[in-house]
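Start from the sequences and build out the full structure, keeping to the hints where you can.
Using UniProt numbering, you'd call the opening residue of the sequence shown number 1 and step up by one each time.
Don't read these hints as lab results, they were simulated from the structure. Don't take each hint at face value.
As the list claims (entries may be wrong) - Derived DSBU-like pairs: lysine-lysine, alpha-carbon spacing no greater than 35 Å straight-line:
#: 1; residue 1: K161; residue 2: K78
#: 2; residue 1: K338; residue 2: K353
#: 3; residue 1: K357; residue 2: K178
#: 4; residue 1: K136; residue 2: K178
#: 5; residue 1: K380; residue 2: K293
#: 6; residue 1: K189; residue 2: K153
#: 7; residue 1: K338; residue 2: K373
#: 8; residue 1: K50; residue 2: K278
Since we're looking at a predicted model, the values are computed, not measured.
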Amino acid sequence: MIPVISKLPQTGTTIFTVMSALAAELGAINLSQGFPDYNCAPELVELVNKAMQNGHNQYAPMPGLMALREQIAIKTEKLYGAVYNPDTEITVTAGGTQAVFTAISAVINPNDEVIIFEPAYDCYAPAIKLMGGVVKSLELDPPDYRIAWDMVKRLINGKTKMIILNSPHNPTATILRKEDIDELSALVKNQDILILSDEVYEHLIYDGETHHSMARYPELQQRSFIVSSFGKTFHATGWKMGYCLAPAYLMTEFRKIHQFLIFSVNAPMQHAIAEYLKDENTYLSLPDFFQQKRDYFREGLKNTRFQLLPCAGSYFQSVTYDAITDEKDSDYAIRLTKEIGVASIPVSAFYRKGTDKHVLRFCFAKRQETIDKAVDRLLKV
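This is how it looks when you write it as structure tokens:
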């Protein structure tokens, strides 16, 4: 055996893979991994078929199909008042995770420090480490998981290169509010600090709240990579389609990495989504669609022994289980899958130190009958 020095020696299989595999093995209801159990719009599938039949089966341009980038630019200006040049400031990616990895790869050098907020989506820290960067994490606490900006200020020094934000947030379902934007703006003013804003759930925001995209604020827009996801938006996670917005000076570096990482994204899907985006209702209707699911799921969970945490965005609902057991969340998630037949994600997996607050995350992007079956089982706990 040839010796190999691991670049990520502490990294194993993701918790999403582990819990989904366990659910499949046991025939449990999978509310762990974040994907719908219903199909995307038939019209979108028809558009993909049409694109294939029309011969759009070869490489798309490296930055993405221009027609799609133009639609992204129109959508972004319409929603946030931000003007992005589709030629130089928008790149279509193979999903949000690839966009995050590419952005980090493009600008993080050895010993650069990157601030993340935990619980954090699990791709951030490994990408930073692979580039030789240093992860500086700030742990947030339930039930509200608010960012303590005075603590962020203490983390900033001459080596701080980037702050990674995620709103709506996975796994906590919290959102950035205007006061957060004000604190962030004051913090980075006159500082050479970049922002990576993971906004893949931008359309999944509830109760009439505003999505505070970095694109809304010119002083933040000019230092930000903004990541979004068509997979999340259009119920087609398996297509691995997303995009990145950034000012030209950052996008130039992003594309240098992108072209050697994947070169380009599947062509027929790009043609289909470019056409599909022309109807703004395809994404403007999403808050109501998912809020109904959220409210229905929460109403069912109120009769269980779990304690509901707030859910302002995303398609995740977190709960605490202190009234049930003092087990580790990872142990309890496995036992819940085996004994009750409902798979969840233990939120300690989103902390690098495995911090256990006795919180589980459920995905409610499911059919009503799936939610009904899951709630019926959770009522037995």
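Tested hints:
As the CA atoms of K161 and K78 are separated by approximately 30 Å, the hinted pair is consistent with the 35 Å bound. Distance check on the hinted pair: K338 and K353 sit about 26 Å apart at the alpha-carbon level, within 35 Å; holds. About 27 Å separates the Cα atoms of K357 and K178, which keeps this hinted pair within 35 Å; it holds. For the hint pairing K136 with K178, the CA-to-CA distance comes to about 24 Å; that is within 35 Å, so the pair holds.
In summary, the hint linking K380 to K293 is supported, as the alpha carbons are separated by about 21 Å, within the 35 Å threshold. Between K189 and K153, the direct Cα distance comes to roughly 12 Å. Compliance with the 35 Å bound is thereby established for this hinted pair. The suggested pairing of K338 with K373 holds, with an alpha-carbon distance near 15 Å, which does not exceed 35 Å. With a C-alpha separation of about 16 Å, the suggested pair K50 and K278 falls inside the 35 Å cut-off, and the hint holds.
Going through the hint list in order, the structure satisfies each hint without exception.
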